[in-house]
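Participant: Okay, here's what each chain looks like letter by letter:
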Amino acid sequence: MTGNQTEREALAQFEALLGAYGAEPRRWPADRRAAAEALLARSPVALAMKAEAARLDSLIDGAGVEPAPAHLVGRVLAAAPGAAAPKRSWLGGLLRPAAGLAFAALLGLGLGGVISPFAVVTSDMADSDSVMLAIGDVPEVEP
Amino acid sequence: MSERSGESDAALMRRVAGGDGAAARLVVTRHLPQVLALARRMLNDAAEAEDVAQEAMLRLWQMAARWREDAPIGAWLYRVAHNLAIDRIRRRRPMVDVDAAVSLADPAPTPAERLAERERKAAVERAIAALPERQRTAITLVHTLEMGNIEAAAAMEISVEALESLLSRGRRALRAALIELKDEAAGE
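First to last, the protein sequences are chains A and B.
Just so you know, we're using the numbering used here here: the first sequence kicks off at 12 and counts up by one.
Just so you know, we're using the numbering used here here: the second sequence kicks off at 8 and counts up by one.
Don't read these hints as lab results, they were simulated from the structure.
Take these hints with a grain of salt, some might be off.
As the list claims (entries may be wrong) - For the chain A half of the interface with chain B, some residues (derived, Cβ under 7 Å), not all of them:
1) G30
2) A31
3) P40
4) L70
5) I71
6) G75
7) V76
8) P78
9) A79
10) L83
11) V84
12) R86
13) L88
14) A90
15) P92
Even glycine gets a Cβ: it sits at the ideal position worked out from N, Cα and C.
This is chain A alone, in the form it adopts within the complex (with noise of 0.2 Å):
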């Protein structure tokens, strides 16, 4: 095989290196990028096929990639583990049963101030109904 075969060949395969990654060295096959430099560094013809690759890299490259909507971020972090349960403070841990206690302890007695009245005033307001209207506004209250 002459050398200006194995120049053709060696120009041939780097054509294809092109055609298929473009011209950032950084994407050819490490088992190709060697061979690719050495021949971009004693042929001029593979520079002039490289710049023509980078052209085309130089459009497809800008376009693509944007940042993601902030709805679609939002989503997509509420599912993460543990973005649902928020941390809690030891003195929250500490606090939360008693003020529970509490706090269905004054529920109790105001239940008991706000029902019986209707109780006596009109009967047909102290149905099942008129206990939820009641404590219908009652936050959540955790163990």
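Dock chain B against the given chain A, drawing on the hints supplied.
Facilitator: Quick look at chain B alone, frame taken from chain A:
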């Protein structure tokens, strides 16, 4: 390996599994735009692409506690997103309204000095959107998401040779479609 902190993907996923919100945000910042870009390119539909990107990320969260030490997050995510998008492509009707898909991704009217650049990008997106699905995916994995040939071939479940063939045909078609823009780029 994580680019900025030196933290491995496995370590990052352990933090995610432990409920570390900062770790989850880091994963989202690093990978969600790329997953979305892949899905958008494959599906040519912004809303469907968001669904696929979200589903892929949710599957990642589910895997967090069982993450393999040597598994790269990006490659895993792109593979899952690719498969989810393929499922949707198989389910829907064969014709896709490319112009509508591009217009969804196209932002509102802009100042005159940015118009030419936007038009150029839109033309490139239209040309990419017009490629056959597998060529489009190969181009996106390698040129947009910067995946190596072995990773990209694995994501598409094809050989490296098949990937190169898709890339070559895709680039050839894009060169033909974008010849005028390419000449402009040469003049810059």
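Participant: Are the hints correct? Go through all of them and say.
Facilitator: Hint check:
1. G30: Hint holds; G30(A) Cβ to chain B Cβ min 4 Å, cut 7 Å.
2. A31: holds, 4 Å
3. P40: With Cβ-Cβ at 5 Å, under 7 Å, it holds.
4. L70: Since the shortest Cβ distance to chain B is 5 Å, the answer is holds.
5. I71: This interface hint holds because 5 Å falls under the 7 Å limit.
6. G75: holds, 4 Å
7. V76: This interface hint holds because 4 Å falls under the 7 Å limit.
8. P78: With a closest approach of 6 Å, the P78(A) hint holds.
9. A79: Hint on A79(A): holds, closest Cβ of chain B at ~4 Å, below 7 Å.
10. L83: Because about 5 Å separates L83(A) from the closest Cβ in chain B, which is inside the 7 Å limit, the hint holds.
11. V84: holds, 6 Å
12. R86: holds, 6 Å
13. L88: holds, 6 Å
14. A90: Since chain B brings a Cβ to about 5 Å from A90(A), closer than 7 Å, the hint holds.
15. P92: The hint holds - P92(A) has a Cβ within 7 Å of chain B, the shortest such distance being about 5 Å.
Comparing the model with each earlier hint shows no violations; every hint is respected.
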